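2 protein chains.
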Amino acid sequence: MRDFTQDHRWLSINTATVRKSRGVEVPLTDIIQACAARGIRAISPWRDQVAATGLAQVSKLVKQHGLELSGYCRGGMFPAVGADALKAARDDNRRAVDEARELNAKCLVLVVGGLPGALAGKALHKDIALSRSQVSDGIADLLDYAKTANMPLAIEPLHPMYAADRACINTLEQALDICDALDPGKTGALGVAVDVYHVWWDPKLKQQIERAGSQRLMALHVCDWLTPTTDLLNDRGMMGDGVIDIPLIRGWVEAQGFDGYSEVEIFSASNWWQLDCGEVLDTCITRHRSRV
Amino acid sequence: MRDFTQDHRWLSINTATVRKSRGVEVPLTDIIQACAARGIRAISPWRDQVAATGLAQVSKLVKQHGLELSGYCRGGMFPAVGADALKAARDDNRRAVDEARELNAKCLVLVVGGLPGALAGKALHKDIALSRSQVSDGIADLLDYAKTANMPLAIEPLHPMYAADRACINTLEQALDICDALDPGKTGALGVAVDVYHVWWDPKLKQQIERAGSQRLMALHVCDWLTPTTDLLNDRGMMGDGVIDIPLIRGWVEAQGFDGYSEVEIFSASNWWQLDCGEVLDTCITRHRSRV
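If you read the protein sequences in the order shown, they are chains A and B. So that you can map any letter, position 15 of the first sequence is 20 in this note's numbering, and since no number is skipped, the others follow by simple counting. So that you can map any letter, position 170 of the second sequence is 175 in this note's numbering, and since no number is skipped, the others follow by simple counting.
No lab work stands behind these hints, which were simulated from the structure alone. Model, not experiment: these values are computed from the prediction.
BS3-like mimics (lysine-lysine), calculated; alpha carbons at most 30 angstroms apart, straight line:
#	chain 1	residue 1	chain 2	residue 2
1	A	Lys211	B	Lys209
2	A	Lys25	A	Lys65
3	A	Lys209	B	Lys209
Given these sequences and hints, build the entire structure.
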């Protein structure tokens with residue numbers, strides 16, 4: 006297991022972590038500069054942040070600062086009702102692959118979607134098996150496109166509390182079943198993103214990380230689970246402030262040969278997004294060294 | 006699959022559902038009378054509610070009204086730090102068995118506990134594997150006692166969002182692994198409580214319900230998952246108001262031979278606990294007929 010205590014060369018910042026500074030939206034250009042100024046070598050930006058700045062400008066800035074992208078957030082949201090909506094999801098995912106390619110991301114992270122309409126508050130149906138089938142079909146289709154672009158796809162199993170509205174792939178086992186079905190040869194074109202927040206509770210976690218192996222382990226996201234957790238989406242904790250044994254899980258992942266970035270992804274409406282962006286990044290660096 | 010549309014003979018009320026009426030705590034005696042007055046044949050009371058009224062009084066009332074107990078809530082909370090705390094948990098669980106026996110409950114429901122201290126906001130350690138091991142040991146010990154009292158134990162896998170503070174048994178598969186280890190002969194002394202709220206998301210749900218079979222399926226709890234869900238504990242929905250395909254899951258359970266009560270268990274601080282207890286019970290009856 007790599008020693009993180011001496012430097013932060015393997016720290017990546019998911020840009021949602023500093024999406025807001027003192028409650029105010031931060032432009033991606035400022036986030037990139039703040040990361041580069043601290044010797045942070047990698048980021049993982051969100052599409053909406055990239056779109057707000059402009060893809061060409063972000064691409065230029067990333068190259069200028071020599072930043073790597075540990076991932077690109079995100080493709081997915083495959084389930085839909087009706088051919089038009091399904092095609093719109095398919096087209097949008099292809100654009101996400103193109104953007105990830107332009108930014109030279111390690112992988113496109115897939116948050117696969119749940120029940121259509123649920124995220125807006127009103128599910129159009131309750132057939133989660135149908136959604137799961139549409140997810141498999143959607144990934145299969147996108148995989149062909151992503152292979153031609155040489156852009157790996159990383160399925161991110163989301164915590165079961167997001168099964169309805171964000172992702173109906175909820176365990177690493179389930180994600181790996183899809184990988185095995187669509188990419189039996191483990192070509193490196195399809196794998197998983199392991200976010201400790203989503204999977205820490207899973208009694209089969211170690212077993213499934215071993216099953217994944219280095220070919221399937223494409224990203225490692227870290228943050229912490231707070232007790233109590235006051236919001237299902239935006240109350241993630243800084244590493245060390247919660248109950249997740251992060252070094253244990255990182256050890257399992259690295260034992261498989263994973264040697265990529267440890268990406269900090271924290272959504273925190275009432276705490277970290279209320280602090281100064283620079284202070285949050287400094288804390289990420291400190292905790293990366295001591296608690297990851 | 007039984008037809009629920011014509012009557013509510015298979016409806017049970019978990020008394021937490023009407024714990025409060027218009028925001029005010031309701032004595033268990035009132036809940037029992039309100040249920041009996043509506044022809045509801047079964048309840049599942051919580052220990053704190055029983056203690057507040059007095060076990061003897063509750064026992065008398067239950068007999069007087071001819072009520073059955075679809076379960077008794079709850080034993081568990083096994084993990085602890087230190088021999089004294091472990092023994093206290095063990096002793097308390099034996100008292101729970103005694104109470105369940107006095108009330109002639111179908112089973113004692115086990116919410117097994119998570120990381121010690123987490124429910125109070127400060128986990129004493131992060132070793133969920135240790136907690137899981139203590140849970141197995143605790144159930145094994147309690148099982149001997151429960152067998153002499155002829156009181157079946159029903160492990161309730163809780164949603165993974167409660168892994169830290171309430172239960173580190175989070176899937177039906179995991180619960181059944183414990184059942185198979187401790188009661189390989191499927192004697193009827195150890196099984197599971199299936200609460201749709203906790204398990205609806207599980208891609209292996211049907212498979213594991215089939216694995217459980219009638220010997221292990223001891224209780225079926227119903228409510229609904231709302232989108233959005235605004236609180237991790239107390240924002241459960243009334244059947245039909247959320248995304249869970251309850252009849253589908255009930256069908257799977259009944260296909261195994263389960264012929265017990267469908268127990269409504271709703272924690273709802275800002276909605277159902279703010280309404281009148283009688284109105285909530287009437288809605289439970291209506292929805293039991295139409296949406297379960």
